[in-house]
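Start from the sequences and build out the full structure, keeping to the hints where you can.
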Amino acid sequence: MMINIRKATPADAQALLDIYAPYVTDTAITFEYDVPSLDDFRHRIETFSAHYPYLVAEEDGVIVGYSYAHRLRERAAYQWCVETTIYLDRNHRHEHIGTVLYQALEKALERQGIKNMYASITVPDNEADRKYIPKTSPLFHEHLGFTEVGHFHQCGWKFNRWFDMIWMEKLIGDRKNPEKMNSK
Numbered sequence: 022m023m024i025n026i027r028k029a030t031p032a033d034a035q036a037l038l039d040i041y042a043p044y045v046t047d048t049a050i051t052f053e054y055d056v057p058s059l060d061d062f063r064h065r066i067e068t069f070s071a072h073y074p075y076l077v078a079e080e081d082g083v084i085v086g087y088s089y090a091h092r093l094r095e096r097a098a099y100q101w102c103v104e105t106t107i108y109l110d111r112n113h114r115h116e117h118i119g120t121v122l123y124q125a126l127e128k129a130l131e132r133q134g135i136k137n138m139y140a141s142i143t144v145p146d147n148e149a150d151r152k153y154i155p156k157t158s159p160l161f162h163e164h165l166g167f168t169e170v171g172h173f174h175q176c177g178w179k180f181n182r183w184f185d186m187i188w189m190e191k192l193i194g195d196r197k198n199p200e201k202m203n204s205k
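In my numbering, the protein residues as written are 22 to 205.
FYI, nobody ran anything at the bench for these hints, they're computed from the structure.
Fair warning: this is a prediction, and the values are worked out from it, not measured in the lab.
Take the hints with a grain of salt, since some may be wrong.
[What the hints assert, rightly or not] Subject to a maximum C-alpha distance of 20 Å in a straight line, what follows is the list of computed SDA-like cross-link-like pairs (lysine to any residue):
id	residue 1	residue 2
1	Lys191	Ser158
2	Lys156	Val144
3	Lys191	Ala129
4	Lys197	Ala97
5	Lys191	Gln133
6	Lys152	Trp178
7	Lys152	Pro43
8	Lys28	Ile40
9	Lys179	Glu131
10	Lys156	Phe180
11	Lys156	Asp55
12	Lys136	His164
13	Lys191	Thr106
14	Lys28	Leu59
15	Lys179	Asp150
16	Lys136	Gly171
17	Lys128	Leu93
18	Lys128	Asn25
19	Lys128	Tyr73
20	Lys152	Lys136
21	Lys128	Ile26
22	Lys156	Ile107
23	Lys156	His117
24	Lys156	Leu109
25	Lys152	Cys176
26	Lys156	Thr46
27	Lys179	Thr48
28	Lys179	Lys128
29	Lys179	Tyr108
[Said to hold, decoys possible] Pair ranges (Cβ atoms, derived):
id	residue 1	residue 2	range
30	Pro199	Asp39	26 to 32 Å
31	Met23	Trp183	41 to 47 Å
32	Thr30	Thr157	25 to 31 Å
Note that the Cβ used here is the ideal one computed from N, Cα and C, for glycine as well.
Shown next as structure tokens:
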């Protein structure tokens with residue numbers, strides 16, 4: 022298996038939307054209720070990639086996953102913090118692609134001067150929730166060096182039930198006093 026990681030472009034929108042749509046319709050991994058339109062998804066790629074890495078993983082020229090970062094909060098003091106996101110084609114999970122993709126994202130963020138990576142993760146509260154949310158995402162992030170820093174109880178309503186969410190954090194790069202944010 023040869024994985025190629027590259028920057029996403031707006032032309033990738035349909036392939037990325039095809040990966041994302043089942044997460045919207047079948048899971049609580051995202052709290053989005055409706056699958057976005059192709060134009061909306063293309064706009065998301067353009068908006069996020071204007072300031073932060075937005076990467077795709079390809080296997081034999083076919084996009085099998087994507088990952089991106091966006092600013093955590095708008096205030097200037099947060100400019101060294103990002104929220105990260107990753108989605109894999111459901112037929113390509115557990116193939117190490119996510120690890121390769123997230124490590125590439127981390128390296129790109131570190132080069133940009135980012136200091137803190139955050140991940141917002143839906144977690145199952147009981148066995149019935151596992152139909153909509155696996156417990157693998159926190160384990161995946163732990164494997165990559167993230168630690169849990171917050172737990173929000175029953176904060177997302179989807180599929181006629183409440184879901185919990187956790188925040189996980191990873192500190193990257195040196196902790197010197199930054200003077201300004203590097204461009205991507």
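Quick rundown of the hints versus the structure:
1. Lys191 / Ser158: Holds, at roughly 14 Å.
2. Lys156 / Val144: Judged against 20 Å, a Cα distance of about 6 Å means the pair holds.
3. Lys191 / Ala129: 14 Å, holds
4. Lys197 / Ala97: 17 Å, holds
5. Lys191 / Gln133: Roughly 16 Å separates the two Cα atoms, so the pair holds.
6. Lys152 / Trp178: 15 Å, holds
7. Lys152 / Pro43: Holds: Lys152 and Pro43 sit about 13 Å apart, inside 20 Å.
8. Lys28 / Ile40: 16 Å, holds
9. Lys179 / Glu131: Violated. Lys179 to Glu131 sits at ~35 Å, over the 20 Å cutoff.
10. Lys156 / Phe180: The given pair, whose Cα atoms are some 17 Å apart, holds under the 20 Å limit.
11. Lys156 / Asp55: Roughly 23 Å between the alpha carbons, so the hint for Lys156 and Asp55 is violated.
12. Lys136 / His164: 19 Å, holds
13. Lys191 / Thr106: Within the cut-off at roughly 13 Å; holds.
14. Lys28 / Leu59: 19 Å, holds
15. Lys179 / Asp150: The given pair, whose Cα atoms are some 11 Å apart, holds under the 20 Å limit.
16. Lys136 / Gly171: 18 Å, holds
17. Lys128 / Leu93: 18 Å, holds
18. Lys128 / Asn25: 15 Å, holds
19. Lys128 / Tyr73: Since the Cα atoms of Lys128 and Tyr73 sit roughly 12 Å apart, the hinted pair holds (cutoff 20 Å).
20. Lys152 / Lys136: With a Cα-Cα distance of about 35 Å, the restraint between Lys152 and Lys136 is violated, given a limit of 20 Å.
21. Lys128 / Ile26: Roughly 12 Å separates the two Cα atoms, so the pair holds.
22. Lys156 / Ile107: Given that 20 Å is the threshold and the Cα spacing comes to 15 Å, the pair holds.
23. Lys156 / His117: 17 Å, holds
24. Lys156 / Leu109: Given that 20 Å is the threshold and the Cα spacing comes to 16 Å, the pair holds.
25. Lys152 / Cys176: 18 Å, holds
26. Lys156 / Thr46: The hint holds at about 18 Å.
27. Lys179 / Thr48: Satisfied, since the Cα-Cα distance of roughly 9 Å is no more than 20 Å.
28. Lys179 / Lys128: 34 Å, violated
29. Lys179 / Tyr108: Measuring from Cα to Cα gives roughly 19 Å; hence the hint holds.
30. Pro199 / Asp39: 26 to 32 Å: Since Pro199 and Asp39 have Cβ atoms about 38 Å apart, the given range 26 to 32 Å is violated.
31. Met23 / Trp183: 41 to 47 Å: At roughly 42 Å between Cβ atoms, Trp183 and Met23 fall inside 41 to 47 Å, so the hint holds.
32. Thr30 / Thr157: 25 to 31 Å: 29 Å, holds
Consistency with the previously given hints fails for numbers 9, 11, 20, 28, 30, ordered from lowest to highest.
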